[in-house]
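Construct the complete structure from the given sequences, taking the supplied hints into account.
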Amino acid sequence: MQTFFIAPTDFGVGLTSISLGLVRTLERAGLKVGFFKPIAQPHPGDTGPERSTELVARTHGLKPPQPLGLAHVERMLGDGQLDELLEEIITLYQQAAIGKDVLIVEGMVPTRSASYAARVNLHLAKSLDAEVILVSAPENEVLTELSGRVELQAQLFGGPRDPKVLGVILNKVRTDESMEAFSARLKEHSPLLRSGDFRLLGCIPFQPELNAPRTRDVADLMGAQVLNAGDYESRRMTKIIICARTMRNTVELLKPGVLVVTPGDRDDIILAVSLAAINGVPLAGLLLTSDTLPDPRIMELCRGALNAGLPVLSVSTGSYDTANQLNGLNKEIPIDDRERAEIITDFVASHLDANWLHQRCGTPREMRLSPAVFRYQLIQRAQEANKRIVLPEGSEPLTVQAAAICQARGIARCVLLAKPEDVHAVARAQGIELPEGLEILDPDLIRQRYVEPMVALRKSKSLNAPMAEQQLEDPVVIGTVMLALDEVDGLVSGVIHSTANTIRPALQLIKTAPGCSLVSSVFFMLFPEEVLVYGDCVMNPHPSASELAEIALQSADSAAAFGITPRVAMISYSSGDSASGEEVEKVREATLLAHEAQRSLLIDGPLQYDAAANENVARQLAPNSQVAGKATVFVFPDLNTGNTTHKAVQRSADCVSLGPMLQGLRKPVNDLPRGAQVDDIVYTIALTAIQAANRPMDV
1 MQTFFIAPTD FGVGLTSISL GLVRTLERAG LKVGFFKPIA QPHPGDTGPE RSTELVARTH
61 GLKPPQPLGL AHVERMLGDG QLDELLEEII TLYQQAAIGK DVLIVEGMVP TRSASYAARV
121 NLHLAKSLDA EVILVSAPEN EVLTELSGRV ELQAQLFGGP RDPKVLGVIL NKVRTDESME
181 AFSARLKEHS PLLRSGDFRL LGCIPFQPEL NAPRTRDVAD LMGAQVLNAG DYESRRMTKI
241 IICARTMRNT VELLKPGVLV VTPGDRDDII LAVSLAAING VPLAGLLLTS DTLPDPRIME
301 LCRGALNAGL PVLSVSTGSY DTANQLNGLN KEIPIDDRER AEIITDFVAS HLDANWLHQR
361 CGTPREMRLS PAVFRYQLIQ RAQEANKRIV LPEGSEPLTV QAAAICQARG IARCVLLAKP
421 EDVHAVARAQ GIELPEGLEI LDPDLIRQRY VEPMVALRKS KSLNAPMAEQ QLEDPVVIGT
481 VMLALDEVDG LVSGVIHSTA NTIRPALQLI KTAPGCSLVS SVFFMLFPEE VLVYGDCVMN
541 PHPSASELAE IALQSADSAA AFGITPRVAM ISYSSGDSAS GEEVEKVREA TLLAHEAQRS
601 LLIDGPLQYD AAANENVARQ LAPNSQVAGK ATVFVFPDLN TGNTTHKAVQ RSADCVSLGP
661 MLQGLRKPVN DLPRGAQVDD IVYTIALTAI QAANRPMDV
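If you number the sequence shown the way this note's numbering does, the last residue is 699 and the count never jumps.
Keep in mind that the hints were calculated from the coordinates and are not lab data. Hints are all accurate, no fakes.
Beta-carbon label-pair distances, calculated as ranges:
| no. | residue 1 | residue 2 | range |
| --- | --- | --- | --- |
| 1 | 245 | 449 | 48 to 56 Å |
| 2 | 469 | 384 | 32 to 40 Å |
| 3 | 647 | 425 | 32 to 40 Å |
Beta carbons: idealized from backbone N, C-alpha and C, even for Gly.
Next comes the structure, spelled out in structure tokens:
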């Protein structure tokens with residue numbers, strides 16, 4: 001097993017961020033990656049679990065052992081029990097290494113109270129026979145000074161020529177030039193890096209927005225009184241403005257992500273901020289200082305802004321002291337801020353030398369499709385597909401934001417059906433930058449061109465032009481006709497439209513694919529350790545045996561198309577021949593029909609859910625099954641069972657659900673889940689693009 005020991009060259013290098021990114025990078029190679037932080041170093045104010053360990057656990061679905069407490073470690077070091085301490089750490093290390101291909105071990109950070117950190121890190125790296133990766137964060141030092149600092153740290157671990165000292169990752173690089181240019185210039189000043197034995201393994205630019213705390217975090221760290229919580233769980237502080245100006249000179253400063261700090265008696269500023277919030281500007285919040293609360297009549301005038309989600313906080317300190325406290329807030333990722341942790345993880349991973357790290361780890365023993373790898377591959381394959389996806393709900397804020405992300409990242413070429421002025425108004429209010437190439441089509445201007453094609457598509461139903469024109473008032477219908485005419489490659493809807501509104505036009509105008517008699521759906525269930533497929537949880541209330549067999553085959557094909565080896569479990573309330581009854585017999589017949597249609601498919605049923613999912617139960621209930629205990633595709637006997645199970649698992653287990661993804665249509669149309677957020681829309685667009693790329697050319 002490979003062990004990477006990451007050691008900081010100084011305080012504040014962002015060691016946790018590097019750990020998150022390294023785990024993600026190696027997981028994407030299909031490696032089973034573990035994490036271990038041997039010694040806890042709580043930050044001031046930390047009262048919960050150790051931060052690095054908990055963030056890695058929550059972000060990557062791992063279960064690292066809990067680190068040793070700092071007081072315990074210092075006591076053993078003070079008593080001269082270094083060897084005994086290392087034995088304790090190795091015991092925990094062995095627990096963390098079980099079943100892993102590679103283990104990331106995070107060293108201690110040197111601080112004023114932990115001046116011994118470098119010595120302990122050296123003993124840890126040697127005891128674990130680990131390869132060392134240094135982590136540094138360039139300050140305003142010249143490159144020769146940075147190179148000297150890194151070389152000094154490399155010497156502590158045996159010198160740069162020691163094959164166990166691999167190289168350095170530079171974090172928080174502040175420069176106006178590209179990372180490639182900075183790296184090249186650094187190598188010119190660094191004999192160490194020019195030697196070839198010591199590598200620059202990553203160069204990560206400084207991004208201020210990655211340090212943006214939630215407004216809730218600001219309230220907690222400041223000990224603020226929350227006058228109106230609003231959206232303080234989701235809004236983030238990217239900038240602070242201290243308002244002592246008049247209202248006229250303040251308006252232009254009210255931008256998305258701004259936290260406005262002003263005394264509580266500045267009614268004019270409070271009203272200006274509230275008007276901006278009512279107009280859709282997602283400010284981080286309003287922080288009132290000097291322990292002065294606004295007049296209740298003013299707050300009543302601001303009721304619309306408060307209801308629109310504007311967070312309002314109050315502190316007792318004056319504006320100057322408040323500003324100093326805000327600038328000195330702890331920038332570490334809170335353990336419950338999953339969104340920020342994921343963004344930082346992907347950002348760091350994108351700037352590491354992934355190919356070299358993968359090669360260093362050798363060939364994995366077994367490919368593992370973790371949720372992180374699944375999402376990464378989704379985006380990669382969608383980018384390669386380069387498909388044009390129409391979004392009928394074109395002026396919805398969530399849709400606009402998702403389309404901007406997809407367009408900017410090359411996930412899909414998005415087409416928004418909406419009035420351009422409406423889309424631009426939403427973008428301004430939400431602080432969304434509309435990327436070049438994002439198409440916006442006004443339905444009123446294009447509707448007429450689709451009347452005749454729609455009449456032709458529905459001629460068997462005697463549709464006439466006036467009827468077609470009336471139906472085309474619905475942007476979903478326009479988008480569906482565009483798809484039928486191959487003007488776009490896929491359609492995604494459902495932020496405000498019901499499932500029926502999205503699916504009905506597709507069934508009428510797109511119809512089922514050759515060889516398919518029905519349309520079904522699957523959800524991709526992203527559990528911490530694996531991705532499973534659930535079908536059908538949306539479309540077919542009471543499928544017959546033949547329909548259930550078709551759902552199974554469609555679901556298996558979908559799993560294979562997205563990199564999941566299909567092992568299909570036909571779910572019932574009994575396993576094997578242990579029970580009989582109409583519902584069980586239907587599942588048994590469906591299993592036989594699916595097997596006859598595709599004899600190479602690994603499929604078994606009826607199986608109880610626990611027999612399909614758990615190897616220990618499978619050994620008792622279905623010992624001879626090739627599917628039981630390791631099923632990847634779960635096919636439910638009816639909609640009631642499927643929908644209930646999906647929602648129960650999604651809400652009760654540590655599981656993220658992607659979908660539903662429709663299957664069986666000639667061309668891809670997908671409905672968004674109720675309450676979809678931006679990430680849901682982005683991944684559904686990616687799913688749709690991949691479906692379009694996999695569609696046979698003759699359909």
